[in-house]
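Asks: One line per chain: the protein sequences are A and B, in this order.
For the first sequence, the UniProt record's numbering gives the first residue as 1, with consecutive numbering after it.
For the second sequence, the UniProt record's numbering gives the first residue as 1, with consecutive numbering after it.
No lab work stands behind these hints, which were simulated from the structure alone.
The reader is advised that the hints may include incorrect statements.
Note that identical chains are pooled: a pair holds if it fits in a single copy or bridges any two copies.
In silico lysine-lysine, DSBU-like type, Cα no more than 30 Å apart, as pairs [unchecked claim]:
no., residue 1, residue 2
1, 197, 25
2, 5, 131
3, 141, 61
4, 61, 39
Number of protein chains: 2
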Amino acid sequence: MSEVKLFGAWFSPYVKRVEMSLNLKGVEYEYIEEDLENKSPLFLQYNPITKLVPVLVHNGKPIFESSVILEYIDETWEGPSIFPKDPYDRAMSRFWAKFVEDKCSDLLWKACWSAGEEREKAAKEAEEGLKILENEIKDKKFFGGDNIGLVDLVANYIALWNPILQDVVGFHPLTQDKFPNISKWADEFCNDSFVEKYMPEKEKVRLWLKRAVETGSLY
Amino acid sequence: MSEVKLFGAWFSPYVKRVEMSLNLKGVEYEYIEEDLENKSPLFLQYNPITKLVPVLVHNGKPIFESSVILEYIDETWEGPSIFPKDPYDRAMSRFWAKFVEDKCSDLLWKACWSAGEEREKAAKEAEEGLKILENEIKDKKFFGGDNIGLVDLVANYIALWNPILQDVVGFHPLTQDKFPNISKWADEFCNDSFVEKYMPEKEKVRLWLKRAVETGSLY
Numbered sequence: 001m002s003e004v005k006l007f008g009a010w011f012s013p014y015v016k017r018v019e020m021s022l023n024l025k026g027v028e029y030e031y032i033e034e035d036l037e038n039k040s041p042l043f044l045q046y047n048p049i050t051k052l053v054p055v056l057v058h059n060g061k062p063i064f065e066s067s068v069i070l071e072y073i074d075e076t077w078e079g080p081s082i083f084p085k086d087p088y089d090r091a092m093s094r095f096w097a098k099f100v101e102d103k104c105s106d107l108l109w110k111a112c113w114s115a116g117e118e119r120e121k122a123a124k125e126a127e128e129g130l131k132i133l134e135n136e137i138k139d140k141k142f143f144g145g146d147n148i149g150l151v152d153l154v155a156n157y158i159a160l161w162n163p164i165l166q167d168v169v170g171f172h173p174l175t176q177d178k179f180p181n182i183s184k185w186a187d188e189f190c191n192d193s194f195v196e197k198y199m200p201e202k203e204k205v206r207l208w209l210k211r212a213v214e215t216g217s218l219y
Numbered sequence: 001m002s003e004v005k006l007f008g009a010w011f012s013p014y015v016k017r018v019e020m021s022l023n024l025k026g027v028e029y030e031y032i033e034e035d036l037e038n039k040s041p042l043f044l045q046y047n048p049i050t051k052l053v054p055v056l057v058h059n060g061k062p063i064f065e066s067s068v069i070l071e072y073i074d075e076t077w078e079g080p081s082i083f084p085k086d087p088y089d090r091a092m093s094r095f096w097a098k099f100v101e102d103k104c105s106d107l108l109w110k111a112c113w114s115a116g117e118e119r120e121k122a123a124k125e126a127e128e129g130l131k132i133l134e135n136e137i138k139d140k141k142f143f144g145g146d147n148i149g150l151v152d153l154v155a156n157y158i159a160l161w162n163p164i165l166q167d168v169v170g171f172h173p174l175t176q177d178k179f180p181n182i183s184k185w186a187d188e189f190c191n192d193s194f195v196e197k198y199m200p201e202k203e204k205v206r207l208w209l210k211r212a213v214e215t216g217s218l219y
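Using the sequences and the hints given, assemble the complete structure.
Replies: Put into structure tokens, the structure is as follows:
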């Protein structure tokens, strides 16, 4: 029996962050694809609180929330660091990871899934966040510098899922014209040989999002 | 010149978390009360990104976001730990801190500041979160066990600000009847001799919130 289990869903950017972190560290683990429409008793036993993926189980103890799991992985296993070693740099990485999530990704998602005034408001707020992010990534290959780190992993939604969802709904708050640096980073990230191995196929994501938009349900 | 500066606002629960953490550790620092209606050039130079308090400046380098600052303080200075030492316990503390913020405090705040359907929705969601928290704190003095830790600091809004705001707006999603364990914790927390020293005066908070509700502005 493996001592590390990851409960996930193939289409979840949150799960992919954890998968990539485990693989960056070279941790062996058992991956369990969870049917989110019909959650298994084992999964609900491990995560009765949020009932969401990802859930990492280490020696029988469950951990939830991708941001919490990434900290745990970096603290627990040797191998390449996901967080910078220097406390100040680590603080800045945590700040940018939170910024990407709260001020960019969540708003981009919301802008694509809403309409009218609500869409306009979300798109405007996303644009404000993206402008700041655009400046942060200029002159750098990855947010982590030469190597992929925490902020890159957290920004994975912007790189792969968002462009596909934008096309599916026909609304484009993030374009190469407006955000050339972020777009360049997204290309670098998606084409990175390590990242490529663990990200879902774009066509599969497109079909999933198309169906989700048509049915109004992600599952 | 002090090597540690904290830019804050006396009424901010986020700032109080940081103040209490610095004092738990025994860190000497200069506290600078920032006028949020008329922010100082020095403050904006340190935090041009979010322009929010708290900002901790250590040896000239600024750190923003209270959750990020608390991690930095615990990593940087000796003294009583804010986060548990064991990696799994630390992960669970991070999870509960996020849960308190996202699923309880933010929703309680929103329920008090909104009306009609929006209020009902926020209050219902807050109640769901609080039920889970109610179970987590049963049989414990503090979330951190016998001593105040990360989750207690992050939950400070629930202990002091929320009851006052509830009275000011005349809407009570969190009552002792419904949540006896959380209410007991809130009493323990507010009456703790260390906490008492750093929390704002309740009457001052009441007047500030009353004015905020009347004018629709926090400043």
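Asks: Hint by hint, note whether the structure agrees.
Replies: Hints, verified against the model:
{"no.": "1", "hint": "197 - 25", "in the structure": "within (15 Å within a copy, 44 Å between copies)"}
{"no.": "2", "hint": "5 - 131", "in the structure": "between (38 Å within a copy, 29 Å between copies)"}
{"no.": "3", "hint": "141 - 61", "in the structure": "between (36 Å within a copy, 24 Å between copies)"}
{"no.": "4", "hint": "61 - 39", "in the structure": "within (19 Å within a copy, 46 Å between copies)"}
Of the numbered hints given earlier, the model fails none.
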